[in-house]
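K.L.:
Using the hints, position chain Z against chain R.
Number of protein chains: 2
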Amino acid sequence: MKSIYLGLLAGFLTTSSAFPQLLKSYRTKSTKDLSLGYLTVILSGVALWIAYGFVISDVPVIVTNSLSFLPLSCTLYLKLRWDVFDRTAANKPGLKDI
Amino acid sequence: MKSIYLGLLAGFLTTSSAFPQLLKSYRTKSTKDLSLGYLTVILSGVALWIAYGFVISDVPVIVTNSLSFLPLSCTLYLKLRWDVFDRTAANKPGLKDI
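So the sequence lines, in the order shown, correspond to chains R and Z.
For the first sequence, position 11 matches number 10 in numbering that gives the first Met the number 0, and the numbering has no gaps at all.
For the second sequence, position 43 matches number 42 in numbering that gives the first Met the number 0, and the numbering has no gaps at all.
Same shape as in the complex, but just chain R (with noise of 0.2 Å):
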C-alpha cells in the first residue's frame, strides 16, 4: 500500500512541473524559447484528459489534469500575446496591465 503515496507523489509533481514555467514567463516577460507546439500539443492533451476523466467519472483524473490545464494555459496566452499577435518588445507590458 505504500506504493500509493508513491503515484500521489509523481502525480504531485508532474501536476505542479507548470507552475515555476508561468511564473518564470510572466517575472522575465519573455517566452521566445517556449515551443508553441509544445504548449498547444500538451494543452490539447490535458484537455483530452479532463474529458476522459468526466467519461469515466474518475475524479482525480479531472482534478490533476485540471490543475495542470490552468498555469499551462495561462502559460500559451502569455506566447500567443507576446510571440504570436505582437512580436514588438516595447509592448510586452504582461498580465498586470490587462
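It should be emphasised that the hints constitute simulated quantities derived from the structure, not laboratory data.
Heads up, none of these hints are tricks.
All copies of an identical chain are treated as equivalent in the list; a pair is satisfied when it fits inside any one copy or across any two copies.
Taking lysine to aspartate or glutamate pairs in the DMTMM-like style, the calculated list, with each CA pair at most 25 Å apart, reads:
1. K31 with D85
2. K28 with D82
3. K31 with D82
4. K23 with D85
5. K1 with D57
6. K28 with D85
7. K23 with D82
Note that the structure is predicted; figures quoted are calculated from it, not measured.
P.N.:
For chain Z alone, kept in the frame of chain R given last:
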C-alpha cells in the same frame, strides 16, 4: 469502450508534447526562457511515475513515462549546458559538437 481511444489519444498527446520543445531548443540553441524549476520538477515526477509503474507492474505507465523522460532529459541537458554551467553565448555549439 470508445472512451479507451479518448484516453489513448490524451496520453499520446501529453507524452509526445516534449518533443517539439526539444526540437525548438536544439534548433534555436536557446533555452533562456525555459524554467529550470519546471524541467527538474517534471523530470522528477516522470521518474517517479516510471518507478511507480515498476512497483505496480503497469506497462503503459512505464512506457509512456519513459517516452516523456527522453526528450525532457535532453532539454534539461541543453538548459544546464547553456544557461547553468556556461552563460556565454559564444559557447553554445549544440549537440552536434559533443
